Amino acid sequence: MVRFVLAVASALALVMFVGASVPSLAREAALPEDAGDSPFRYWPLADGNRWRLAGSGVEFEYAVVELEPGRYRVDTLVNDFPVQREYYHADEAGWIATLREMPAGSFPLEPPQLFLPAPLVPGREWTWEGEIMPGLAVTARFAVLDPETVETPVGVFETVPVLATVSVAGETSGVIRWYAEDVGVVRQQEALSAGEQAALLDVYLVEYAVH
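Start counting the sequence shown at 0; every next residue gets the next number (numbering that gives the first Met the number 0).
Don't read these hints as lab results, they were simulated from the structure.
Remember, it's a predicted structure, so these values are computed and weren't measured experimentally.
Backbone N, C-alpha and C define an ideal beta-carbon position, used for all residues, glycine too.
Any given hint might turn out to be false.
Simulated DEER-style distance windows between Cβ atoms [stated by the list, open to error]:
#: 1; residue 1: G154; residue 2: A45; range: 15 to 23 Å
#: 2; residue 1: S105; residue 2: E58; range: 32 to 40 Å
#: 3; residue 1: S105; residue 2: E157; range: 35 to 43 Å
#: 4; residue 1: T171; residue 2: G134; range: 16 to 24 Å
#: 5; residue 1: P152; residue 2: V77; range: 12 to 20 Å
#: 6; residue 1: G104; residue 2: D79; range: 37 to 45 Å
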(Lines of atoms letter the chains of each structure in order from A and count residues from 1; the text may use other names and numbers.)
(Lines give C-alpha, C1' and ligand atoms only; values in the text may rest on other atoms or scores of the structure.)
Protein backbone atom coordinates (compact mmCIF):
# COMPACT_ATOMS: atom_id res chain seq x y z
CA MET A 1 0.00 0.00 0.00
CA VAL A 2 2.86 2.38 0.85
CA ARG A 3 4.39 1.82 -2.58
CA PHE A 4 1.05 2.48 -4.26
CA VAL A 5 0.49 5.68 -2.29
CA LEU A 6 4.03 6.84 -3.06
CA ALA A 7 3.49 6.11 -6.73
CA VAL A 8 0.28 8.13 -6.77
CA ALA A 9 1.81 11.01 -4.82
CA SER A 10 4.85 10.97 -7.07
CA ALA A 11 2.72 11.03 -10.20
CA LEU A 12 0.73 13.95 -8.84
CA ALA A 13 3.88 15.84 -8.01
CA LEU A 14 5.46 15.11 -11.37
CA VAL A 15 2.39 16.32 -13.17
CA MET A 16 2.79 19.22 -10.83
CA PHE A 17 0.17 21.61 -9.85
CA VAL A 18 -2.95 19.72 -9.27
CA GLY A 19 -4.32 23.20 -9.29
CA ALA A 20 -7.15 25.24 -7.94
CA SER A 21 -10.72 24.74 -9.01
CA VAL A 22 -11.44 26.96 -12.01
CA PRO A 23 -14.57 29.14 -11.77
CA SER A 24 -15.47 28.83 -15.45
CA LEU A 25 -14.06 26.82 -18.32
CA ALA A 26 -16.60 28.05 -20.83
CA ARG A 27 -14.19 30.21 -22.79
CA GLU A 28 -11.42 28.04 -24.16
CA ALA A 29 -9.10 29.61 -26.68
CA ALA A 30 -5.92 29.28 -28.65
CA LEU A 31 -2.87 30.69 -26.92
CA PRO A 32 -3.13 34.44 -26.29
CA GLU A 33 -0.51 36.82 -27.63
CA ASP A 34 0.16 38.33 -24.22
CA ALA A 35 3.65 39.13 -23.00
CA GLY A 36 5.38 38.68 -19.63
CA ASP A 37 3.88 36.81 -16.67
CA SER A 38 1.92 34.54 -19.00
CA PRO A 39 1.80 30.85 -18.08
CA PHE A 40 1.59 30.10 -21.81
CA ARG A 41 5.12 31.47 -22.27
CA TYR A 42 6.61 29.80 -19.21
CA TRP A 43 5.08 26.42 -20.11
CA PRO A 44 4.99 26.74 -23.92
CA LEU A 45 2.93 23.88 -25.30
CA ALA A 46 3.11 23.31 -29.05
CA ASP A 47 3.19 20.18 -31.16
CA GLY A 48 6.65 18.62 -30.99
CA ASN A 49 7.93 20.61 -28.02
CA ARG A 50 9.94 18.50 -25.61
CA TRP A 51 12.14 18.82 -22.53
CA ARG A 52 14.67 16.34 -21.14
CA LEU A 53 15.96 16.76 -17.59
CA ALA A 54 18.53 14.57 -15.85
CA GLY A 55 20.22 14.15 -12.47
CA SER A 56 20.03 12.09 -9.27
CA GLY A 57 20.35 8.95 -11.39
CA VAL A 58 17.06 9.58 -13.18
CA GLU A 59 15.94 11.17 -16.44
CA PHE A 60 12.60 12.82 -17.19
CA GLU A 61 11.21 13.68 -20.59
CA TYR A 62 8.09 15.73 -21.38
CA ALA A 63 6.78 15.57 -24.95
CA VAL A 64 3.87 17.60 -26.35
CA VAL A 65 1.25 16.47 -28.86
CA GLU A 66 -1.27 19.02 -30.17
CA LEU A 67 -4.76 17.51 -30.32
CA GLU A 68 -6.48 20.61 -31.75
CA PRO A 69 -5.89 24.38 -31.44
CA GLY A 70 -5.53 25.21 -27.75
CA ARG A 71 -5.68 21.55 -26.61
CA TYR A 72 -2.61 19.44 -25.89
CA ARG A 73 -1.42 16.16 -24.46
CA VAL A 74 1.83 16.02 -22.48
CA ASP A 75 3.52 12.61 -22.27
CA THR A 76 5.85 12.01 -19.32
CA LEU A 77 8.63 9.43 -19.51
CA VAL A 78 10.96 8.45 -16.66
CA ASN A 79 14.14 6.70 -17.81
CA ASP A 80 12.43 6.21 -21.20
CA PHE A 81 9.44 4.46 -19.59
CA PRO A 82 6.03 6.10 -20.15
CA VAL A 83 4.48 6.92 -16.76
CA GLN A 84 1.60 9.22 -17.64
CA ARG A 85 -0.27 11.35 -20.12
CA GLU A 86 -2.02 14.55 -19.12
CA TYR A 87 -4.47 16.60 -21.15
CA TYR A 88 -4.50 20.42 -21.13
CA HIS A 89 -6.34 23.30 -22.69
CA ALA A 90 -5.75 27.04 -22.64
CA ASP A 91 -8.25 29.06 -20.63
CA GLU A 92 -8.36 32.67 -19.46
CA ALA A 93 -7.43 31.32 -16.00
CA GLY A 94 -4.23 29.71 -17.33
CA TRP A 95 -3.31 26.15 -18.27
CA ILE A 96 -6.10 23.75 -17.29
CA ALA A 97 -5.61 19.98 -16.83
CA THR A 98 -8.69 17.78 -17.29
CA LEU A 99 -7.56 14.16 -17.57
CA ARG A 100 -4.64 12.03 -16.43
CA GLU A 101 -3.74 8.62 -17.85
CA MET A 102 -1.35 6.38 -15.92
CA PRO A 103 -0.55 2.65 -16.05
CA ALA A 104 -3.08 2.19 -13.24
CA GLY A 105 -5.87 3.69 -15.35
CA SER A 106 -7.48 6.85 -16.70
CA PHE A 107 -8.61 9.47 -14.17
CA PRO A 108 -10.72 12.54 -15.01
CA LEU A 109 -9.62 15.48 -12.86
CA GLU A 110 -12.65 16.58 -10.88
CA PRO A 111 -12.88 19.47 -10.44
CA PRO A 112 -10.61 20.55 -13.34
CA GLN A 113 -7.13 21.53 -12.24
CA LEU A 114 -5.28 24.79 -12.70
CA PHE A 115 -1.76 23.75 -13.72
CA LEU A 116 -0.27 27.25 -14.00
CA PRO A 117 -2.27 30.43 -13.32
CA ALA A 118 -2.49 33.72 -15.17
CA PRO A 119 -0.74 35.88 -14.27
CA LEU A 120 2.24 33.84 -13.11
CA VAL A 121 3.67 36.21 -10.50
CA PRO A 122 5.55 35.76 -7.18
CA GLY A 123 3.24 35.47 -4.20
CA ARG A 124 0.42 33.80 -6.12
CA GLU A 125 -1.04 30.85 -4.17
CA TRP A 126 -3.81 28.36 -4.85
CA THR A 127 -5.23 25.14 -3.40
CA TRP A 128 -7.09 22.21 -4.90
CA GLU A 129 -9.07 19.49 -3.12
CA GLY A 130 -10.72 16.60 -4.88
CA GLU A 131 -10.47 12.94 -5.86
CA ILE A 132 -8.16 11.45 -8.47
CA MET A 133 -10.04 8.15 -8.27
CA PRO A 134 -13.04 6.93 -6.23
CA GLY A 135 -12.20 7.10 -2.54
CA LEU A 136 -8.72 8.60 -2.98
CA ALA A 137 -8.85 12.24 -1.87
CA VAL A 138 -6.08 14.72 -2.59
CA THR A 139 -5.17 18.10 -1.13
CA ALA A 140 -2.64 20.17 -3.04
CA ARG A 141 -1.21 23.59 -2.18
CA PHE A 142 0.84 25.75 -4.52
CA ALA A 143 2.88 28.94 -4.40
CA VAL A 144 4.78 31.01 -6.95
CA LEU A 145 8.15 31.87 -5.38
CA ASP A 146 10.60 34.71 -5.96
CA PRO A 147 12.57 34.67 -9.25
CA GLU A 148 15.84 32.71 -9.32
CA THR A 149 18.75 32.28 -11.72
CA VAL A 150 19.26 28.62 -12.64
CA GLU A 151 22.39 27.24 -14.30
CA THR A 152 21.91 24.10 -16.40
CA PRO A 153 24.06 22.12 -18.86
CA VAL A 154 22.32 23.95 -21.73
CA GLY A 155 22.50 27.50 -20.37
CA VAL A 156 21.72 29.95 -17.59
CA PHE A 157 18.09 31.00 -17.22
CA GLU A 158 16.10 33.57 -15.26
CA THR A 159 13.22 31.58 -13.81
CA VAL A 160 9.98 31.66 -11.87
CA PRO A 161 9.89 28.76 -9.35
CA VAL A 162 6.57 27.16 -8.41
CA LEU A 163 6.22 24.99 -5.28
CA ALA A 164 3.59 22.26 -4.97
CA THR A 165 2.85 20.18 -1.87
CA VAL A 166 0.54 17.21 -2.46
CA SER A 167 -1.05 15.12 0.32
CA VAL A 168 -2.80 11.83 -0.44
CA ALA A 169 -3.82 9.03 1.95
CA GLY A 170 -1.72 10.52 4.75
CA GLU A 171 1.46 10.71 2.67
CA THR A 172 3.03 13.90 1.34
CA SER A 173 5.21 14.73 -1.63
CA GLY A 174 6.61 18.07 -2.67
CA VAL A 175 7.98 19.40 -5.91
CA ILE A 176 9.47 22.65 -7.17
CA ARG A 177 9.69 23.44 -10.85
CA TRP A 178 11.71 26.35 -12.19
CA TYR A 179 10.22 27.83 -15.39
CA ALA A 180 12.04 30.06 -17.88
CA GLU A 181 10.10 32.31 -20.24
CA ASP A 182 9.89 30.96 -23.81
CA VAL A 183 11.80 27.84 -22.72
CA GLY A 184 9.72 25.91 -20.17
CA VAL A 185 10.82 23.85 -17.20
CA VAL A 186 14.61 23.99 -16.63
CA ARG A 187 14.89 22.39 -13.21
CA GLN A 188 12.72 20.09 -11.11
CA GLN A 189 13.26 19.03 -7.50
CA GLU A 190 11.00 16.50 -5.84
CA ALA A 191 10.89 15.22 -2.25
CA LEU A 192 8.99 12.03 -1.41
CA SER A 193 8.34 10.56 2.03
CA ALA A 194 6.40 7.64 3.49
CA GLY A 195 7.07 6.77 7.10
CA GLU A 196 10.82 6.35 7.39
CA GLN A 197 11.28 6.22 3.63
CA ALA A 198 12.47 9.40 1.91
CA ALA A 199 13.99 10.38 -1.40
CA LEU A 200 15.08 13.60 -3.11
CA LEU A 201 15.25 13.99 -6.88
CA ASP A 202 16.94 17.01 -8.46
CA VAL A 203 17.09 17.20 -12.26
CA TYR A 204 18.24 19.91 -14.68
CA LEU A 205 17.48 20.64 -18.30
CA VAL A 206 19.92 18.85 -20.61
CA GLU A 207 18.06 19.07 -23.93
CA TYR A 208 14.95 20.80 -25.25
CA ALA A 209 13.09 21.76 -28.40
CA VAL A 210 10.57 24.62 -28.33
CA HIS A 211 8.80 25.86 -31.46
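Right, here's what the structure says about each hint:
1. G154 with A45: 15 to 23 Å: holds, 20 Å
2. S105 with E58: 32 to 40 Å: Once the Cβ atoms are compared, 25 Å apart, the range 32 to 40 Å for E58 and S105 is violated.
3. S105 with E157: 35 to 43 Å: Hint holds: Cβ distance 37 Å, inside 35 to 43 Å.
4. T171 with G134: 16 to 24 Å: holds, 19 Å
5. P152 with V77: 12 to 20 Å: holds, 19 Å
6. G104 with D79: 37 to 45 Å: Violated: the Cβ-Cβ distance is about 22 Å, outside 37 to 45 Å.
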